[in-house]
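Participant: Each chain, letter by letter, is given below.
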Amino acid sequence: MRRFGKLTATTLMVSSLLFLAACGSQEPAGQNAAPGGNGSAPDAAQKEIVIGASLLTQQHPFYVSLKNAMEEEAKAEGVNLQVSVANQDLNKQLSDIEDFITKGVDAIILSPVDSKGVAGAISKAKAANIPVVTVDIAANGVEPDAHVATDNYEGGKMAGEEMAKAIGEKGKVAIIDYPTVQSVIDRVNGFKEAIAKYPNIEIVAIQPGITRPEALTAAQNMIQANGDLAGIFGFGDDAALAAVAAIKSAGKEDQIKVIGFDGMEEARNAVKNEKSFYSVITQHPDQIGKQGVQAAVKIIKKEAVDKVIPVKPGIFSKEGEKQ
Amino acid sequence: MANVSRMAANQKTMSAKPGLAFLRAYGGILAGLLVLVLFFSLFSPHFLKVNNLLNIVLQVSIIAISAFGMTFALIIGGIDLSIGSTIALSGTAAALLLQHNVPFLPAILIVLAIGVLLGAFNGVLISKLHIPAFIVTVATMGIYRGIAYITTDGVPVAIQNQAFLELGNGSIAGIHIPILILLLLFVINHVILSKTKFGRRAYITGGNEEAAVYAGINVSRLKIGVYVITSVMATISGLILASRLFSAQPNAASGYELDAIAAAVLGGTSLSGGSGKILGTLIGAIIIGVINNGMNLMNVPYFYQLIVKGVVILIAVYVDVKNKKRLT
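From first to last, the protein sequence lines stand for chains A and B. Position 216 of the first sequence, counting from 1, maps to 215 under numbering that gives the first Met the number 0, and the rest follow consecutively. Position 109 of the second sequence, counting from 1, maps to 108 under numbering that gives the first Met the number 0, and the rest follow consecutively.
Extracted from the complex, chain A is given alone in its bound form:
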């Protein structure tokens, strides 16, 4: 009876390992097969470039788009790109990067789980002489070889200009904020700078609203406190969509206009369909991913690369995307 139990367990284990072997070899084999199959002689001389990418999450359309663009670009450049997902756990990201170092990848691309906490992982890679490119989120305390991200300050300024247009260059506006994230701080500063040029526009409230429910509460408070509010700037899609919802339930769709930031599909649809949603500043995760891989490849080939590579955001309005 006992033997049987162990036997069954072993069988289960072996079969799950076979499953693992099947799905493990799928990815790299798909990429390796091409050079291997094309004819081994010329490819054998040139060592394949391997890049490890550690991404913050795969549960947000922004990062899915980022990953897809990275994989496309890697394919186009003939690079073997291996992606791991930190699932918003910095400890896992650290382990993933340690495993990349073990594998001896030629470069590491990462979108940090946290700007402060990622220093250890980057130092480790640098100690192993592996170049590091950060994408989307910057690292504090250590300098990666390159950083590719949306120009958030520029995007914030664009948002300010859009707001001025939306409300006819006068009136009270409010900001839904995420005050601890550098990229959002830059956006808000850019927004304020653009608004400062318009003497008739007044910023009456800045409140945090990180998740959609929090942003909804913040927007409701703003509308409640300022009867003549003319506009709300949401730092991200969730904040903007929450503002749109709050305005709708307050019945002020003619009075209050919303400008958003990020521009994932849900927000773009809302711009088309919701009266109060004037426009959204769109980030280009596909561009960030593509240029991240390009920067990494250049660094591996010892070509010169800018330390900071800004990606200019676009605007999605009721007429569609414009640059």
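Among these hints, one or two may not hold up.
To be verified - Pairs of lysine to any residue residues, derived as SDA-like cross-links and limited to a Cα-Cα distance of at most 20 Å, are as follows: (1) A:Lys123 - B:Gly173; (2) A:Lys123 - B:Asn54; (3) A:Lys123 - B:Ile176; (4) A:Lys102 - B:Leu47; (5) A:Lys115 - B:Leu96; (6) B:Lys48 - A:Gly103; (7) A:Lys102 - B:Val49; (8) B:Lys308 - A:Gln57; (9) A:Lys115 - B:Ala162; (10) A:Lys115 - B:Ile149.
Please keep in mind that the hints were generated in silico from the structure rather than gathered at the bench.
Since chain A is already given, all that's left is putting chain B on it; use the hints.
Facilitator: Same frame as chain A, now just chain B:
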């Protein structure tokens, strides 16, 4: 019949033929570990390097140390779901103390004292107010996490104290300090559980609480002690984690309680109490580490990794259930 004699034999052979008892207790799980190691070294040329093996133990140290504590809670038939939050809270406490220029050693001692308090709070609610451990620790999971968020405003706190950073990133004679801490705590916990009166009482209480009460064991004091140990282990994990991350992350380690439970159960600890060994838990944690690392080296996409880990845990629980059937 055979089962009863085997059970008795099991206890006797511990002292009479330690080698045989060892094989009987850990043969299955060690075989499983061996299969995994063989498998991964076959599929990845990097797996069997000394560097990588040290890497695995380093990566596993946080889960393993928490799992040592969890083993105590499971042995008495309890559970502690608050350890993920305790890990985060101890890290943030340390970072805040260091930020306010409290020197390394006092900071560590204060954090450990906080760990004792958190565990005692769990233990008192469970043993004196008779609220089920599951409920108490689900509640304190939220409470401890909330404190970590409040004290840090939800923002990670950077750590610059060099001595503290050595804790997770330094090494002595080529061996990472977290691994040395892991080994030290392994010995301490093993001795507590297998050589002390406290350990024996924990097994008895987990096996049959009523009998333990009639045998004159102060069960509520024992429980408080157990939850203090669980919490202190999580606290130490939290210190190492914060050091490894150069910062305290108030949202760190969420879900680690489940990894700790998985490690303990993989190592043969029964979820219904009365049995479990620290060595088994260590092997269980290493198995989880080997699976994570091996799949990373093989480039298994993350979403598939989740499935594989789930399957492994199912197998472990299956074996656990089988074992129990055998014993009753």
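Participant: When the hints from earlier in the document are held up against this structure, which numbers fail?
Facilitator: The structure conflicts with no hint, since it agrees with every one listed earlier.
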